[in-house]
Amino acid sequence: MKHLSHEQLWELAQTNPPAGETHLDSCVSCLSALDDIKLAQSVLRDVPEPPPMPMAMARRVEGKLADALEARQARAWTSWFPGFPRFAFAALAVIALAIGAWLLAQQQRKPDLMARSPIPEVTAPVVMPVPAAPKLTATVASAKRARNASGALSTTQVLREGSLLTTEKGGSLWVRLPDGSRAGLTSASQMQLHTLEEKTLTLDLAKGSVALVVPHREDRVLTVRAGDLEVIDLGTQFLVSRELGRIVVAVEEGSVEVRVPGLTRTVTAGHAVAYHQGQLDELQPLPTLAPVAPKHALSISAPTPDLALSPEPEPQVSLAAAELVVETPDEAPPPPEVDDPAAEWALPPPTAPSAGPNDPPAPLELVVTATRPGLSLGAIERRVDALSRQIRMPFTQGGSLRQQRAKDIARMADGGECPRAIDNANEWLRYARDAPEEAMVRREVLFQKMRCLRRMGRLPEADLVRREMEAIQ
Amino acid sequence: MHTDLALRDPTAVDPLRALALQAREGESVAFTKLYERTRDQAWRVLYRVVGHSPDLEDLLQEAYLQLMKALKSYRGDSKVSTFLHRVCVNVGLMHLRSKRRRPEDPTDEMPEGESPESSDPERAAQVKQAARLVQQALTMMSDEKAQVFAYHDLLGLKPEEISELVDAPVNTVRSRLNRARVDFTAAVIKLKGRGP
Numbered sequence: 001m002k003h004l005s006h007e008q009l010w011e012l013a014q015t016n017p018p019a020g021e022t023h024l025d026s027c028v029s030c031l032s033a034l035d036d037i038k039l040a041q042s043v044l045r046d047v048p049e050p051p052p053m054p055m056a057m058a059r060r061v062e063g064k065l066a067d068a069l070e071a072r073q074a075r076a077w078t079s080w081f082p083g084f085p086r087f088a089f090a091a092l093a094v095i096a097l098a099i100g101a102w103l104l105a106q107q108q109r110k111p112d113l114m115a116r117s118p119i120p121e122v123t124a125p126v127v128m129p130v131p132a133a134p135k136l137t138a139t140v141a142s143a144k145r146a147r148n149a150s151g152a153l154s155t156t157q158v159l160r161e162g163s164l165l166t167t168e169k170g171g172s173l174w175v176r177l178p179d180g181s182r183a184g185l186t187s188a189s190q191m192q193l194h195t196l197e198e199k200t201l202t203l204d205l206a207k208g209s210v211a212l213v214v215p216h217r218e219d220r221v222l223t224v225r226a227g228d229l230e231v232i233d234l235g236t237q238f239l240v241s242r243e244l245g246r247i248v249v250a251v252e253e254g255s256v257e258v259r260v261p262g263l264t265r266t267v268t269a270g271h272a273v274a275y276h277q278g279q280l281d282e283l284q285p286l287p288t289l290a291p292v293a294p295k296h297a298l299s300i301s302a303p304t305p306d307l308a309l310s311p312e313p314e315p316q317v318s319l320a321a322a323e324l325v326v327e328t329p330d331e332a333p334p335p336p337e338v339d340d341p342a343a344e345w346a347l348p349p350p351t352a353p354s355a356g357p358n359d360p361p362a363p364l365e366l367v368v369t370a371t372r373p374g375l376s377l378g379a380i381e382r383r384v385d386a387l388s389r390q391i392r393m394p395f396t397q398g399g400s401l402r403q404q405r406a407k408d409i410a411r412m413a414d415g416g417e418c419p420r421a422i423d424n425a426n427e428w429l430r431y432a433r434d435a436p437e438e439a440m441v442r443r444e445v446l447f448q449k450m451r452c453l454r455r456m457g458r459l460p461e462a463d464l465v466r467r468e469m470e471a472i473q
Numbered sequence: 001m002h003t004d005l006a007l008r009d010p011t012a013v014d015p016l017r018a019l020a021l022q023a024r025e026g027e028s029v030a031f032t033k034l035y036e037r038t039r040d041q042a043w044r045v046l047y048r049v050v051g052h053s054p055d056l057e058d059l060l061q062e063a064y065l066q067l068m069k070a071l072k073s074y075r076g077d078s079k080v081s082t083f084l085h086r087v088c089v090n091v092g093l094m095h096l097r098s099k100r101r102r103p104e105d106p107t108d109e110m111p112e113g114e115s116p117e118s119s120d121p122e123r124a125a126q127v128k129q130a131a132r133l134v135q136q137a138l139t140m141m142s143d144e145k146a147q148v149f150a151y152h153d154l155l156g157l158k159p160e161e162i163s164e165l166v167d168a169p170v171n172t173v174r175s176r177l178n179r180a181r182v183d184f185t186a187a188v189i190k191l192k193g194r195g196p
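As you go down the protein sequences, you meet chains A and B in turn.
For the first sequence, this note's numbering assigns the number 1 to the initial residue and increments by one for each residue that follows.
For the second sequence, this note's numbering assigns the number 1 to the initial residue and increments by one for each residue that follows.
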């Protein structure tokens, strides 16, 4: 009996179930070899797709290469006389060394002379290795239903680089970063302290929302990454929110640089952008977030779509319809450092100026006590909700089975399982359904496929998918 | 699998050619631009070969330093991405081999929760193990086979493209790939503890 070759079996193993080969029905040896090959192929399939290159790393390497280039140019000093070959220098050096050695040998033959002028001992220069950047730590400023891999987090707990921080539903967490910046994680969020170095701070937002209060410093780069998107601080207060199918960045003060594949945009105070289906769209700006009432303060204000921050206060305030904003200690950010330039964001609201005769009445506000100023993470969540409502999302709660499958594809792509996501996307795209949301969901599936193809370096195919995506209205 | 490398297309104009020629002449601005335009590609290649490693940054730097040297002999008749692919795969494989020779370094482990995208710990462990198995298997192959295997089965290049990278006929590439797959399968079985 002639067995199948390894090459044939490798091809067969890629079709599931292996078809078109009757020999396999009767040959135990080939079947066993096929099993081995399937195992090897499954290992290959599980190899993770590369995530986008961290911007901080790209910059560091660029800096080191610039140094290397400079050093190379400095070494090329003989280039001032191109006609003089370098080997001539080498030959001259060898001759000089030989003469030096001969003179030295002559001197060694005269012990009295040597005694008077001993040859100094030459020690090899000590080459110090370039030290790795020291790792810094962050501190928990306040925590409520928040944990890391070791368990529940508590105030003043020290967090190391790599810590994965998770807040449960209804939880919140404020972390003080080593440079004095503060990061507030809202309910049901997950973030990793990816890099904590003096010159590089990188946070990876896996899901949910994070608010940042960041004093601008030229000597370090603070980056928040959310999937394909990177936000680089340019000195500011901003928030980043990531959910399946959309990422939102809103800037309260200062500006940030938002990078997505193929595009970089600076977003300034009062503006928000959403990254959705491969596009970075400007969202309708919302009123700037202001600090909420201090701890133990009871603030009653006219209801607004998201916060009690409307620049146009309602003239009539109905207490029945009023919104209660009670700042709980765990929601409040840590008290700012005295010299912290970002402390402004956490200052108590300024005292309302006395209303003029023609001014509309200010929202009714009753402050009971004021012990600690704060910024509410709850307010940030409501803000994110308000911003997200501007985006047409392909996935809805309790959608059809087809929608659920599209959602699974997005999850696979998000989790880096690109070959699987592409296979599933191809299968999904084979069919069409006459449903109102079909075009939207199809765009999303195509986007996830394009994203995976790009990550796998299959750029021409990704480009075709992009065109297909753009053709869908 | 397809790739962004159009190595065999003689009509394709290499947009990086002019930059590479300027960089060869010592123009540091051109080299920096070349780096900016190709770093993502280099990162992808290195990541696929060595996986998530704390050495990735050093390896990327090493790849570009080698590219800097290789550019001295660049005449502009082949694609810069060809150079880069070859350099990155070689740097990656050399790293894996040197890592195999030295004792296990516990800090080489992926830090906890390094892939926040993957919220499934079981899946994360599976992915991590797969990456480790592939890296170990690569070190168990000869250089020639490991290169061809990495080009084809990790980076998705076609035999025609690999032929240019390894400077060998396409049929040689195919047979080398086949032998590499035999070795890879045997290595995986051995590493998984199922083989002899």
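Worth flagging that the hints you see were computed from the coordinates, not collected in a lab.
Backbone N, C-alpha and C fix where the C-beta goes; we use that ideal spot for every residue, glycine too.
Among the clues, some could well be false.
[Unchecked claim] Computed from the model, here is a short list of chain B residues facing chain A with C-beta under 8 Å:
(1) A30
(2) D40
(3) E57
(4) Y74
(5) M140
### Task
Against the earlier hints, flag every one the structure doesn't satisfy and list their numbers going up.
1, 4, 5
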